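As a plain string of letters, each chain reads:
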Amino acid sequence: MATVTRGFFGRRRERDPRLPPGQYDARDDWPVLHAEATPRLTTDRWTFTVSGLVDRETTWTWDEIHALPRSRYEGDIHCVTTWSKLGMTFDGVSVDTLLDAAGVQPAATHVVAASHTGYTTNLPLADVTGGKAWVVWDADGKPLTTEHGGPARLLVPHLYFWKSAKWVSELRLLDHDEPGFWERNGYHDRGDPWKEQRYSGD
Amino acid sequence: MSTPAGTTHRRTLRWQNARVLAVRDETPTARTYWLLLPEPRRHLAGQHYVLRLTAPDGYSAARSYSVASAPDDTGEIELTVERLVDGEVSEFVHDVVVPGDELEVRGPIGLFFVWPGDRPALLVGGGSGVVPLMAMLRQGRRDGRADLLRVLVSARRPPTSTTPTSCPATGCGSCGPAPRRRTTRAARAA
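Heads up: the protein sequence lines correspond to chains F and G, in order. Mapping the first sequence onto the numbering used here, position 165 (from 1) lands on 165, and the numbers just tick up by one. Mapping the second sequence onto the numbering used here, position 140 (from 1) lands on 140, and the numbers just tick up by one.
Keep in mind that the hints were calculated from the coordinates and are not lab data. All of these numbers come straight from a predicted model, not from anything done at the bench. The beta carbon of each residue, even a glycine, is placed where N, CA and C say it ideally should be. Fair warning: there could be bad hints in the mix.
[To be verified] Cβ-Cβ distance ranges computed for the label pairs, FRET-style:
id	chain 1	residue 1	chain 2	residue 2	range
1	G	Asp86	F	Arg6	46 to 56 Å
2	G	Arg19	F	His158	33 to 43 Å
3	F	Trp194	G	Ser154	53 to 63 Å
4	F	Leu33	G	Asp86	12 to 22 Å
5	G	Arg19	F	Leu68	37 to 47 Å
6	F	His66	G	Gly58	39 to 49 Å
7	F	Arg6	G	Thr74	19 to 29 Å
Starting from the given sequences, assemble the full structure and let the hints guide the process.
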């Protein structure tokens, strides 16, 4: 049970129902937090690969991935550091489209998303299929900037945003769970913001 | 980078009511809160705690604050809180919290941004980002291993009379335990 803090009544009595517990609305701000140096990636050399337990390991170039059917996410994003951004628009391609092209083998249960920087994050396969995940290159109608993961990042908006790997380069399908970078460093394995799964053990 | 001392246990994640022992000003906008933890767990320099405020109707707001003090076994930690304009938590902490109050916290958290105390490190920070670096610097000084550290700090304004001598910003941009010239060279080499 939370202890009432002496003198605290809170400021925002009208809480937006789109905000998960413990989150605040960052409004026009879009904070930047990442653990590695911001890479310089050019679209002419950019690739994205689906590998592991698939029928056909598949790599797309920038032009090739843009030739796939487009998919848009309209909604909210939530960072474990407690900021959320409401009503955003991201454009790219559905992870379903990418996985269908590669052919997911029945044994696959999890994925590791890897970045061009070496960053990794793990997800159950069910969290990136069924219209829940994207590889995106536009945010609010403009190309995704490098500091926000451009030219393209993973987008898994129903989980805390460290799962939405910036500068994503690969989805590797596995038959087991394999903790990624933050998951090995004290953060929750799944990261559902509505359950406040922030840290390991939450 | 992780060590047994820094392993995040379930117990570290339990909320506990820390007692505010003292408050001191660091800069015109930053204040340090000295807390006594009923369930202490030794932290690593660079780790943080989450501080949660709860209103009588159950509404709560939580933010993360870095530990500014060196790891020790006193069960006491220092959190430095920068007052942010319109910051729901930081303004409350600055305006209302006084010694004797209880604050709900949990931690220590984070195994990535830590200094284990035994290897060279170049610390680069700005604003409240200096706080975790202070924990590292204080640990280095206490253990006689400050020679392992070089500190480069960026500040919005020159140091004032309220900037304490313990703050690395005292050198106005570039300072630390080593002579200024060496610090600058180390920073360039990075």
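(message) Assuming the hint says 19 to 29 Å, is it satisfied by the Cβ distance from Arg6/F to Thr74/G or not?
(response) 25 Å, holds
(request) Using the Cβ atoms, figure out if Arg19/G sits within 37 to 47 Å of Leu68/F. (result) 58 Å, violated
(message) A range of 39 to 49 Å was offered for this pair. Does it hold for the Cβ distance of His66/F and Gly58/G?
(response) Given about 48 Å between the Cβ atoms, the range holds.
(request) Using the beta carbons of Trp194/F and Ser154/G, state whether their distance is inside 53 to 63 Å or not. (result) Distance hint for Trp194/F, Ser154/G is violated at roughly 37 Å.
(request) Return holds or violated for the Cβ distance of Arg19/G and His158/F against the range 33 to 43 Å. (result) 39 Å, holds
(request) Note whether the CB distance of Leu33/F and Asp86/G lies within 12 to 22 Å or breaks it. (result) Since Leu33/F and Asp86/G have Cβ atoms about 20 Å apart, the given range 12 to 22 Å holds.
(request) With 46 to 56 Å as the target window, see if Asp86/G and Arg6/F comply at their CB atoms. (result) Check failed, 22 Å falls outside 46 to 56 Å.
Hint compliance for this structure: hints 1, 3 and 5 are not met, and every other hint is.
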